[in-house]
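Student: Each chain, letter by letter, is given below.
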Amino acid sequence: MFQPRSIQSSLSLKDKILSIDYILVLSILILGVVSIFAMYSTDGGEFKYHTKSHILRFIIFFFLFLIFSLVQIRFWHSTSYLIYFTFLILLIGVKYFGISSSGSQRWLDLPFINLQPSELMKIGLILFLAKYYHRVSIENINRLKFLFLPIFVLIIPVLLVVIQPDLGTSLLIAAGGVVVAWLAGVRVKFFTYGLLIFISLLPIAISFLKPYQKARILTFLNPEKDPLGAGYQIIQSKIAIGSGGLFGKGFLNGSQSYLDYLPEKHTDFIFTLFSEEFGFFGSIFILLLYGVIISRIVRVGHITRSNFGKLYCFGFGTAFFIYVVVNMGMVLGLLPIVGSPLPIMSYGGSSMMAIMLGLSIVMSCKIYKDVPVN
Amino acid sequence: MLSSGSGNTVIKSKLINRRMFLLTISKAVVVVGVLGRLISLQINESSKYKTLSDKNRFREWKLAPERGIIRDYFNVEIASNKQVYQIHLIPENTQSIERVFFRLKTILNLSDKRIFSLKKKIAKQKPWEPIIVSDNLNWSEFSRINLFLHELQGVEPIVSVARVYNDSSSAHVLGYVSQLSAKDLKNKEYLKDLSIPGMAVGKIGLERRLDKDIIGQVGFQRYEVNAYGKRIKRIQVDPGKAGKSFKTTLDLEVQKYTAEILKDKAASVCVMDIYNGDIISLVSSPTFDPNAFVHGVERGYWNSLIKNEKKPLINKAISGLYPPGSTIKTIVALSALENKIIRPIDTVTCKGKIELFGEKFHCWKKEGHGVMNLRTGSQRSCDVYFYEVARKLGVDRLSETAKKFGLGKKVLNDFLEEKSGVVPNTTWKKKYIGQNWYLGETLHSGIGQGYFQSTPLQLCLMTAQIANGGFEIKPRILFDKKNDNLKAYLNFKNDNPGQPLPTDLLVSNFDLKPLFKNQENINIIKDAMYSSSNEPGGTSYKSRLEDKRFTFAGKTGSSQIKRFTEEQREAEVKQEQLEYKNRDHALFIAFAPVSDPQYAISVVVEHGGTGSKSAAPIAKKVIKKVLERHSLRQSIIHMQGESI
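Listed in order, the protein sequences are those of chains A and B. Once you know that position 159 of the first sequence is 158 in numbering that gives the first Met the number 0, the rest is easy, because the numbers rise by one and skip nothing. Once you know that position 171 of the second sequence is 170 in numbering that gives the first Met the number 0, the rest is easy, because the numbers rise by one and skip nothing.
Each hint should be verified, as a subset may be incorrect.
Claimed, not checked - Pairs of lysine-lysine, DSS-like flavour, derived with a Cα cap of 27 Å:
(1) K13(B) to K368(A)
(2) K47(B) to K237(A)
(3) K368(A) to K26(B)
(4) K232(B) to K237(A)
(5) K144(A) to K13(B)
(6) K237(A) to K229(B)
(7) K188(A) to K26(B)
(8) K237(A) to K49(B)
(9) K49(B) to K246(B)
It should be emphasised that the hints constitute simulated quantities derived from the structure, not laboratory data.
Go ahead and model the full structure; you've got the sequences and the hints to work with.
Tutor: Here it is as structure tokens:
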């Protein structure tokens, strides 16, 4: 379709900078600062490895986020498939060159970073499907032959991640893809079929699960049954959050985490630590921050003109919401412990990188909201 | 495939917006769920989780309280505490348990057996729980450990407090403490909160009786611990409360003196204040070292104690049961007088034996005593006289008087090991043996043989209650200022001579319980005892004390272990010629001084032969010692009267 070039070229750097969503940027910055304090607390109130490296990562990725925000939306659109395939190749690389830790092979040992491609794939799949459904006409969306490719691009990375094994991340990748397909207008019946097929395949999938993963699911169903074994994490997390009460135990006074009762406090259980130290009001504060970030992302989706931008922003916003809710549901004992980081708050470079990349594209949608993608 | 129409794009974007709207609604529902959970955890159930968090955070280590001290009448410590040097080991703090044990072995001479048992114990408990490697080191061992401490990670030298008994003369009455056992925990309610490994509890004697109060209150140290149990910070220390200290009526000087006299004999001595029942001395011999039990008794020592035929672990004064022998004759005569069976002047002729239904009943003097009345019969302990009196009296009346004066029931009650003895009568025999009473058995009972069983303390109480004029007293071993009614009555009597109160006034004015019907009868018995000890021909005449201040009145006795055969009787076999375990037990009871009685004593020497030869000489020495300390004892009373 025809678009005057003038719209594009009329955006000066000043215009671009002015049209950045500052509320979103500020929220991210606040969340980053909060996460640094939380990390400082996990280090026992000392300026140690986790804190230092978290600060460094946040600063680097925050600036990259700002810089990448200025990249044209057209660029993201045109490279979507390429990005997806790059991530896919990295994911396949993990299978052959990945390094293992505590029983699963998730990381690529790169010079600067231990990269976890499965985290990046969360964004890669959303990007791919946003472009795909942007291009498929509305009449064709529900035709079977147009369903094959989405299913294929979803299944491949999900399976690659499942065999690492990393059940949590694979489900979160799939969730992002499913959300985009849903937004694009794929009929409810296909999701129903998909769900039915998934459930019927579940027994086979379960037979592939490692014993510890089976234990986690059983534990979720009844954590008190094995309080020192697999249920330990859930129980200790609930104790930490519950004992925080209304106002919390105070910064650096979270006895549950300080005395090592809390497992994985840097990563999956960072919310638990914060919640123990800052109480109900602290928890609400975090929820509000995420609420603002997600609503800003969704708002960008509403104001951006291209369907690619809409699909991407709504898809990413919803996926972001799912990441947050799954992590909180997990530490609050509402969901099984599947191992999913809390965006930005949790320690972990790949997760931070993926989220910041995702946010850059959202910001690009905002800045170039009126620019057509093709 | 590619869409181009802008209208199509618009329709599509509307569809996307519509579907996003649905997603937003479901997001809101999920957020409400998460919020609800937060409210439930952090607001509704917060206090529950706070408790759980504290339970995680804090761990308490109990501290054994200091045991109370037991003192004698003069406030000399007879069971005290001393500093002990101990080595504790916290397994999780060591780098290598093996290496620590190897080092300790060379420094402390630990046996392989001990190390093995320690390792077994460590395997059973949590790695942060301390284990006591050695609980009683001497100073040189302790300082050696301190010297090498830098090589002994996880080892903690501890200065603690443990029970110590300064001498073993009172071992039986005090008892001992030893490590808390599973059985103790099960049986004793008060130990529920006191279950600390290594805690010492009273096992027997006074230590056991007073345990509940003397043990004290447990203290604790509360630490903040991390998830691995490592102590991070001490939050609170409660040193607990030392146990209550007790003062007894015992006189340690007398105890020591008596124990020295009894040394190596299987014997016991009881001395009692006849007015208030204070037990001045309660010694059983041979004795043992109670300190050996405090830190766990060694097998070798234990075996030597239980194999010793003189039974050093038994408190013979309250657990030893002996036929009272001729000492019962005081009660037989008293009972006969009280029941008006005989008059003091009634006589019986002793020809060395009497016959009853064909059975011969021998007097201890083969050739006989001749004509005997109550006083001479008692003085010479003529068996034939008392056979005759007992026959007329009957066993039931005898047993009534004997029980009244303290035989056949526990004297102190609170001692688990105390025995109650037997005072036989016709119903008793029917009930416990299932047979009718024979008259011959009455005759045996009349000289304290047969079914009669009594403890030395009972005999002492019996003597005391005769000596004080026939009033009931309640013996006690713990100091108590009260219970001096009898003294008050005596003071009254001294101030108002010639005005003896009738029985009912004794009861109402002085809360006294007379054991007699006619007090004159008591005086007759006391006089008979006087003659037995102080007039030529008396059985304990040789052991008399002529100094008026010490003169005592007593009664000998010997209780048969094995009846003499006719051949032995004919051959006039002496007790010394018999095998040790077949010799008679020697008994002696007395009160002193005669002029103003203060104390009663009973002495029993197992297999000592005759009372006059082996028991009376011991009593003589002890009585002198006790009376020498009488004024000192009195002065303490007054002193305490002011200070307490």
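Student: Is the hinted pair K144(A) and K13(B) satisfied, with a Cα-Cα distance of at most 27 Å?
Tutor: holds, 24 Å
Student: If you draw a straight line from the CA of K232(B) to the CA of K237(A), is it 27 Å or shorter?
Tutor: Distance ~24 Å between K232(B) and K237(A) Cα, so the pair holds.
Student: With the threshold set at 27 Å, check whether the alpha-carbon distance from K237(A) to K49(B) stays at or below it.
Tutor: Status holds; Cα separation ~11 Å.
Student: Please verify whether K47(B) and K237(A) have alpha carbons no more than 27 Å apart.
Tutor: With Cα atoms ~11 Å apart, K47(B) and K237(A) stay inside 27 Å; holds.
Student: Within a Cα-Cα threshold of 27 Å, do K368(A) and K26(B) meet the stated pairing?
Tutor: OK: K368(A) and K26(B) at ~25 Å, within 27 Å.
Student: Need the status of pair K49(B), K246(B): alpha-carbon distance at most 27 Å?
Tutor: Cα-Cα ~48 Å, so violated.
Student: Tell me if the straight-line CA distance from K237(A) to K229(B) falls inside 27 Å.
Tutor: Between K237(A) and K229(B) the Cα gap is close to 23 Å, so the pair holds against 27 Å.
Student: For the pair supplied as a hint, K188(A) and K26(B), is the alpha-carbon distance within the 27 Å limit?
Tutor: With a Cα-Cα distance of about 21 Å, the restraint between K188(A) and K26(B) holds, given a limit of 27 Å.
Student: Tell me if the straight-line CA distance from K13(B) to K368(A) falls inside 27 Å.
Tutor: Holds. K13(B) to K368(A) sits at ~16 Å (cutoff 27 Å).
In this structure, the one hint that does not hold is number 9.
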